[in-house]
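Protein chains in written order, with my numbering: chain W, 1 to 298; chain P, 1 to 298.
Please note that the accuracy of each hint is not assured.
Since the list gives no way to pick out one identical chain from another, each pair is judged satisfied if it fits inside one copy or across any two copies.
[What the hints assert, rightly or not] Below, a list of computed lysine-lysine pairs in the PhoX-like style, where the Cα atoms sit at most 25 Å apart:
#, residue 1, residue 2
1, K262, K294
2, K135, K294
3, K205, K57
4, K135, K98
5, K243, K45
6, K147, K31
7, K6, K264
8, K249, K103
Just so you know, these hints were derived from the structure itself, not from any lab.
2 protein chains.
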Amino acid sequence: MIKGYKKIIDDTLVKYFDEILENKNHIFARKTIESMKYTTCLGGKRLRAILCLESCKIFSGDYFPAIPSACALEMLHAQSLIHDDLPSMDNDDLRRGKPSNHKVFGEAIAVLAGDALISLGAQIIIEKTQDTIDKKRVLSAVKEYLKAAGIYGIVGGQTADIEAELRTNLRNDPDFLYYIQQYKTGALFVASCLIGGILGGADNKQLLNLEEFAKNFGIAFQMADDILDVISTTEEMGKTVGKDLFENKLTNVNKYGLEVAKQKLNSQIEKTCDILKSADIESSVFAEIINSIKKRIF
Amino acid sequence: MIKGYKKIIDDTLVKYFDEILENKNHIFARKTIESMKYTTCLGGKRLRAILCLESCKIFSGDYFPAIPSACALEMLHAQSLIHDDLPSMDNDDLRRGKPSNHKVFGEAIAVLAGDALISLGAQIIIEKTQDTIDKKRVLSAVKEYLKAAGIYGIVGGQTADIEAELRTNLRNDPDFLYYIQQYKTGALFVASCLIGGILGGADNKQLLNLEEFAKNFGIAFQMADDILDVISTTEEMGKTVGKDLFENKLTNVNKYGLEVAKQKLNSQIEKTCDILKSADIESSVFAEIINSIKKRIF
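Isolated chain W (complex conformation):
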């Protein structure tokens, strides 16, 4: 199922960008469109899209209504990668084993491509979601997307990540690390599950359960990513590793050491599984995704 989901998303994303590239009215903006397509279509696991499609399917039996939103979430994810890789941010030359966006298109176009991906994702949710879905639900889905994109989402998390390097007096505040783990990547997982649930017709209680799962899965994912930065290689990851220690990033590994960080990840994964159980959410896709984190670390 995961492979099937991934293929649908990869193909639909190419289709969306090719539609835009074919619009002759905007040939003068072509370079930025190509830059948007480059990073969004570089591949990747499509985790956010898969969480969105599966969350929709759990409640409606069908993932189809969530395809445009799942693509939008991958655009937003690509946006955050493009801007995070900029020289003024993480200054990364490599992404998914290829030159990062600004190395190919230049910094100015990379800034613009990221900007345009934010709005394009929201446009796609509004314009491409099938008409049979109630407009109020579409509006709710867009709201979750916008929340994840901004200060209450990935921008908030990324800000805290940068601040943690500078405001060393705050580093001992446990809330600070928790905030980074929760928002830097977690906000987008929350949006992915909520949007899928909303379009699949989940009720408020079910949405709260999905949110709780996604938040905790996001924290586990970020914990694993921080560990992989230490134990993995640049080839395996397709991005530069070993930078967190060097840049004194606020992570579990830097704060507690590798072994304790692994223990904490294990507990976090258990917590995530427990949430699914007590919410009666049965999904082999969710189980497989959680397992894939385990497999990479342990």
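Given chain W's structure and the hints, the job is docking chain P onto it.
The following block gives chain P in isolation, referenced to the frame of chain W:
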């Protein structure tokens, strides 16, 4: 009226940002929120907001329903200024007579502040527009906002502006200059008038008239801005002037010389007034705004 509109927008923007700053859940993201507020609340003429409020009032007799959207458009405008001023873009140290955003907050936070303003504006349209306005109209307003924010709007125009410096073989294509004039600043004026009209209940024909007016006003505004870059001083403009010539930007002034550029601007202003006349749109505010362009140049 213009002064009244401006005060409402200035005050409401401060209120919106202070609400966010008071949210204790996001103290770790505070620096980016302050950066967003800094540029959005630096002042300026609030032209986009005024066009939006007035377009609403023309069709409903009341500007009130358009206040959140008018603020959102100023946020989007601030976003474009923050990112345009970045070293990798126009590299401008001065904006509205003050240090530009990245000079105060650093490049990384400036990138993030711009990103977050895009989604915040759309969130404000959705969440702050009064409940008496039909949700379909709110959705239409958001669509226009998102279009202006992206590749079919200011990002498209800015891309063309950058491309024109590099792709010198295209500089003689008259469509190229027209595209830049139309989208670099014009797209936001179009969104401002359309969103005001939509929230004010304008019908499709009236929206088309508003769009035609806004598009042509936008071109006139950009033409005037290019002329002011040559004939004005940095003190008067509050931003660095004289850069277009130096950077070989594709403008009427660089292409045809100052005198012809002034003639073209004059014709464009006349065209804009004619559109209002034949559409039977009577607005002392629109007239005053058009006149303010004239006064600065002639």
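We went through each hint and held it up to the structure:
For the homomeric pair K262 and K294, the shortest alpha-carbon distance inside one copy (10 Å) is at most 25 Å, but the shortest distance between copies (67 Å) is not. Proximity of K135 to K294 under the C-alpha cut-off of 25 Å is found in neither arrangement, the shortest distances being 39 Å within a copy and 44 Å between copies. In this assembly of identical chains, the alpha carbons of K205 and K57 lie at most 25 Å apart only when taken from the same copy (17 Å versus 42 Å across copies). For a Cα distance limit of 25 Å, the shortest separation of K135 from K98 qualifies neither inside one copy, at 39 Å, nor across copies, at 43 Å.
Taking the shortest Cα distances, K243 and K45 sit within 25 Å of each other inside one copy (22 Å), while across copies they are farther apart (45 Å). Taking CA atoms no more than 25 Å apart as the test, K147 paired with K31 passes between copies only; the shortest distance there is 18 Å, against 28 Å inside one copy. Taking the closest pair of Cα atoms, K6 and K264 never come within 25 Å of each other, the shortest separation being 30 Å inside a single copy and 53 Å across copies. Taking CA atoms no more than 25 Å apart as the test, K249 paired with K103 passes in both settings, with 24 Å inside one copy and 24 Å between copies.
Going down the numbered hints, you'll see the structure goes against 2, 4, 7, while the others check out.
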